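These protein sequence lines are chains Z and A, in that order. Residue 849 in our numbering sits at position 58 of the first sequence, with consecutive numbering throughout. Residue 625 in our numbering sits at position 17 of the second sequence, with consecutive numbering throughout.
The reader is advised that the hints may include incorrect statements.
[Unchecked claim] Calculated cross-link-like contacts (lysine-lysine; reagent style BS3-like; alpha-carbon spacing at most 27 Å):
(1) Lys-713/A with Lys-874/Z
(2) Lys-862/Z with Lys-713/A
(3) Lys-610/A with Lys-874/Z
(4) Lys-610/A with Lys-848/Z
(5) Lys-650/A with Lys-848/Z
(6) Lys-848/Z with Lys-664/A
(7) Lys-650/A with Lys-874/Z
(8) Lys-800/Z with Lys-675/A
(9) Lys-610/A with Lys-800/Z
(10) Lys-862/Z with Lys-708/A
(11) Lys-800/Z with Lys-708/A
(12) Lys-708/A with Lys-874/Z
(13) Lys-805/Z with Lys-650/A
Honestly, the hints are just simulated from the structure, not real lab data. From a predicted model like this one, the values you see are computed outputs, not experimental measurements.
Read off the chains here:
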Amino acid sequence: DGGITQSPKYLFRKEGQNVTLSCEQNLNHDAMYWYRQDPGQGLRLIYYSQIVNDFQKGDIAEGYSVSREKKESFPLTVTSAQKNPTAFYLCASSPYLGQSSNSPLHFGNGTRLTVT
Amino acid sequence: QKEVEQNSGPLSVPEGAIASLNCTYSDRGSQSFFWYRQYSGKSPELIMSIYSNGDKEDGRFTAQLNKASQYVSLLIRDSQPSDSATYLCAVNGGGGSNYKLTFGKGTLLTVNP
Numbered sequence: 792d793g794g795i796t797q798s799p800k801y802l803f804r805k806e807g808q809n810v811t812l813s814c815e816q817n818l819n820h821d822a823m824y825w826y827r828q829d830p831g832q833g834l835r836l837i838y839y840s841q842i843v844n845d846f847q848k849g850d851i852a853e854g855y856s857v858s859r860e861k862k863e864s865f866p867l868t869v870t871s872a873q874k875n876p877t878a879f880y881l882c883a884s885s886p887y888l889g890q891s892s893n894s895p896l897h898f899g900n901g902t903r904l905t906v907t
Numbered sequence: 609q610k611e612v613e614q615n616s617g618p619l620s621v622p623e624g625a626i627a628s629l630n631c632t633y634s635d636r637g638s639q640s641f642f643w644y645r646q647y648s649g650k651s652p653e654l655i656m657s658i659y660s661n662g663d664k665e666d667g668r669f670t671a672q673l674n675k676a677s678q679y680v681s682l683l684i685r686d687s688q689p690s691d692s693a694t695y696l697c698a699v700n701g702g703g704g705s706n707y708k709l710t711f712g713k714g715t716l717l718t719v720n721p
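Bound-form chain Z, shown alone:
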């Protein structure tokens, strides 16, 4: 079955440590995204990538970094510079059909990160 796999499901880290969240998709989608969700809040875009070796900052990129070395993979690193890293992180993908794309996003199951 095609889908998006995020791992781990739960992650605990001490303040000051960098942590990398994994996201892998086998849907052959070009575009991949990282969103953050806080309790009672909507999803906020961290980073997105339309093609391999290219990615763009979203609305809240500070304290995060990404890479897109392979089409299937889009890992997110939460650095120690991120002031409030505890959140639910969602990876998503969609077919990228150019500027007129109207494809919905498909989400992974999420990673719940807790930093203490």
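Let chain Z serve as the given structure and place chain A on it in line with the hints.
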């Protein structure tokens, strides 16, 4: 700043009733509109998409779009307890950013048996 506004609820309806969820958006150039359902602790799942003015029906769900009023809604007929979830409205940006979705904060729906 593109905005998508939803009533946070909670919206409580009895089983079998019609639930009506509303969403307004600020970007007049938006072309694509989506409704996602999110159960507590889970990731969002797509339930409806709509791209042109009017109604679109899929089973018990009907999405309604009015671009002139910048308004999109979701009706759930014959509501079931299993419909209890947060419903997220998402809108594509117009122009060069139409591959990014902006999400509302969601409306919590509770269907009472």
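These are the hints, each one checked on the structure:
1. Lys-713/A with Lys-874/Z: 22 Å, holds
2. Lys-862/Z with Lys-713/A: Judged against 27 Å, a Cα distance of about 30 Å means the pair is violated.
3. Lys-610/A with Lys-874/Z: 24 Å, holds
4. Lys-610/A with Lys-848/Z: 16 Å, holds
5. Lys-650/A with Lys-848/Z: With Cα atoms ~25 Å apart, Lys-650/A and Lys-848/Z stay inside 27 Å; holds.
6. Lys-848/Z with Lys-664/A: 34 Å, violated
7. Lys-650/A with Lys-874/Z: 24 Å, holds
8. Lys-800/Z with Lys-675/A: 39 Å, violated
9. Lys-610/A with Lys-800/Z: Not satisfied, since the Cα-Cα distance of roughly 31 Å exceeds 27 Å.
10. Lys-862/Z with Lys-708/A: Status holds; Cα separation ~18 Å.
11. Lys-800/Z with Lys-708/A: Holds. Lys-800/Z to Lys-708/A sits at ~25 Å (cutoff 27 Å).
12. Lys-708/A with Lys-874/Z: 25 Å, holds
13. Lys-805/Z with Lys-650/A: 24 Å, holds
The structure fails hints 2, 6, 8, 9 (numbered hints given earlier, in ascending order).
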